[in-house]
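Chemist: So the chains spell out like this:
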Amino acid sequence: MDRAGVALSWIMMAVVLVFLLAPIVVVVGVSVSPSTVFDFPPDGVSPRWYQRIMQLDGFWAATRLSAEIAALATAASLVLGTLAAIAIVRGSFPGREALATFLTSPLMLPGLVVGIALARFFRDFGLRDAYLSLLFAHLVVTMPFIMRTVLASLALFDFAMIDAARTLGCSYPGALVRVLVPNIGPAFLSGGLFAFIMSFDNYAVSIFLTDVRTKTLPIQMLHYLGESPDPTLAAISTLLIALTVVVLLIGDRLVGLRRLASM
Amino acid sequence: MTPPRRAAAPAIDASRAALERTPWSRSRIDPMPLLAVPAALVLGLTFGLPLLMLLLASVQGADGFTLAGYVAFFRDPFHVHVMWNSIKMAVMATSICLVLAYPAAFALARSGPRLQLTLLAALLLPLTVSVIVKTFGWTILLRSNGVVNRLLLASGLVSEPVRLIFTEAGLLIGMVNIFLPFMVLPLFAAVRMIDPRLGDAAACLGADPLRRFVRVTLPLTMPGVVAGVALTFSLTVAAYVTPTLLAGEKYMTMSMIIAKAFLFLRNWQLGSTAAALLLLIAVTVVVASSLLARPLRNRG
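For the record, the sequence lines run as chains P and X. In short: position in the first sequence from 1, add 7, done, that's our numbering. In short: position in the second sequence from 1, add 29, done, that's our numbering.
I should point out that these hints are in silico values taken from the structure, not numbers from a laboratory. There could be a bad hint or two in this list.
[As the list claims (entries may be wrong)] Far from chain P, some chain X residues (derived; all Cβ distances over 12 Å): (1) Glu189; (2) Gly203; (3) Ile310.
[Stated by the list, open to error] With the Cβ distance kept under 7 Å, some of the chain X side facing chain P (calculated, not the full set): (4) Gly98; (5) Arg104; (6) Leu129.
Ideal Cβ positions, reconstructed from N, Cα and C, are used throughout, including at glycine.
Required output: the full structure, derived from the provided sequences and hints.
Modeler: Here you go:
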């Protein structure tokens with residue numbers, strides 16, 4: 008039965024892999040197919056759907072908006088989140104655990120509910136600007152990823168090393184830059200990358216905060232899907248898949264896939 | 030004091046002075062909590078307070094506290110049906126994920142370092158690829174002339190194409206696909222921690238394979254099972270894009286009701302009530318899982 012168990016686990020692993028990769032492979036295949044119907048496996052290779060992306064209404068505006076919001080929200084979360092993480096790891100005030108839970112909790116709650124709560128809240132307080140609303144909302148999306156990675160990394164950092172650097176003549180800010188930053192740098196970057204991707208892909212929180220002129224890329228893609236899905240969408244999707252591959256490669260370089268997997 | 034010590038004292042004093050030269054060394058207040066203030070304030074204003082106000086709005090009538098919104102919600106058989114749909118779909122998808130992921134996690138944990146990295150990469154890619162992209166992939170796969178139907182026809186299991194898209198079965202396939210990595214990874218983390226020699230030890234003590242699994246392996250993987258089930262369930266029960274694209278009006282879920290109430294019906298009362306209920310389900314699952322995980326962790 009032991010051998011049967013091992014065989015079963017490998018069969019399941021194979022099933023899981025094929026199943027998980029199926030939609031990604033199909034999307035990439037369809038995107039390079041010259042056919043107008045969703046053709047898989049493709050009959051040939053043609054760049055025609057990639058060329059059509061440029062003509063797509065509102066695509067560039069949506070991509071730029073998503074990239075801007077994701078970059079700004081990630082940057083703000085990195086600063087605020089790291090400060091909070093230092094306070095949580097180093098401080099001795101009551102409620103540190105609760106604060107850590109609070110700052111990571113948006114991850115476990117339905118994004119749609121957070122989006123609605125924010126839409127109501129902004130409406131009640133008269134914030135009509137979609138750009139600002141999205142930016143605030145995406146702070147909620149990005150913060151948990153920063154908190155998780157930076158907290159985990161700071162918990163492993165020995166703060167006595169900063170004191171050691173200072174007794175050896177470093178100034179306090181100098182010690183932070185030369186000792187703390189290199190140590191938590193990888194966590195900083197991998198948390199930032201994940202946060203960026205999650206914000207860039209987010210639709211649940213954004214869906215109630217966009218307006219006709221201010222649409223993020225996922226919302227614009229949902230719009231295209233609802234209107235007239237054609238292989239141009241597969242081409243956009245393939246570019247997004249390529250982006251995630253790049254992010255994973257960078258993440259692997261910085262912290263290793265094993266640590267990324269434990270996020 | 031002896032002379033040698035006295036000679037060393039200036040050096041010690043210098044290093045102590047260096048240690049005390051922190052920017053805040055003069056102030057009495059512990060400055061540490063202040064660092065957390067900006068983050069706490071921002072998330073309090075953009076997350077805590079809005080959610081609290083949403084919950085309050087769902088129990089607030091014209092004259093004070095009321096459960097009228099909830100009474101109205103549950104009195105409508107359609108809404109009850111939709112809530113049941115959401116929970117049923119989450120339970121089914123989570124169970125299938127567990128059945129697929131549990132054995133797979135062992136293969137992943139017991140594989141050699143190089144193979145394991147490849148497998149992890151193959152798991153992390155679908156995890157990070159946009160939900161919209163993956164769901165879009167399934168709308169292509171599940172078409173009547175799509176790959177799934179062609180495979181079914183070729184295998185002789187069906188004689189004519191099966192309708193998969195906009196059905197419960199199609200939605201279930203898509204949901205399992207999208208949330209499966211969230212089950213595999215916590216299970217992998219738990220299985221990785223198990224010392225494989227424990228099984229051999231149990232065997233030496235005379236336990237047969239089934240008993241070894243039930244008494245040794247299964248209890249040790251329980252924290253991973255609890256974490257994976259809680260995460261997968263809370264994600265599936267709240268999923269929005271996948272049900273919208275793969276099932277549509279045919280299989281309404283809580284998220285779809287919420288979106289519809291806000292975007293099309295402009296019915297804020299219905300939307301807030303449904304959102305509060307969904308929030309309640311998610312919070313219950315998270316709290317229950319952490320309560321369940323505590324004794325497991327202590328025992329380990």
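Chemist: Each hint: holds or not?
Modeler: Okay, the hints, checked on the actual structure:
1. Glu189: holds (20 Å)
2. Gly203: violated (8 Å)
3. Ile310: violated (9 Å)
4. Gly98: Nearest chain P Cβ about 14 Å off; hint violated.
5. Arg104: Constraint on X/Arg104 not satisfied, violated at 22 Å.
6. Leu129: holds (6 Å)
Taken one by one, the earlier hints fail for this structure at numbers 2, 3, 4 and 5, listed in ascending order.
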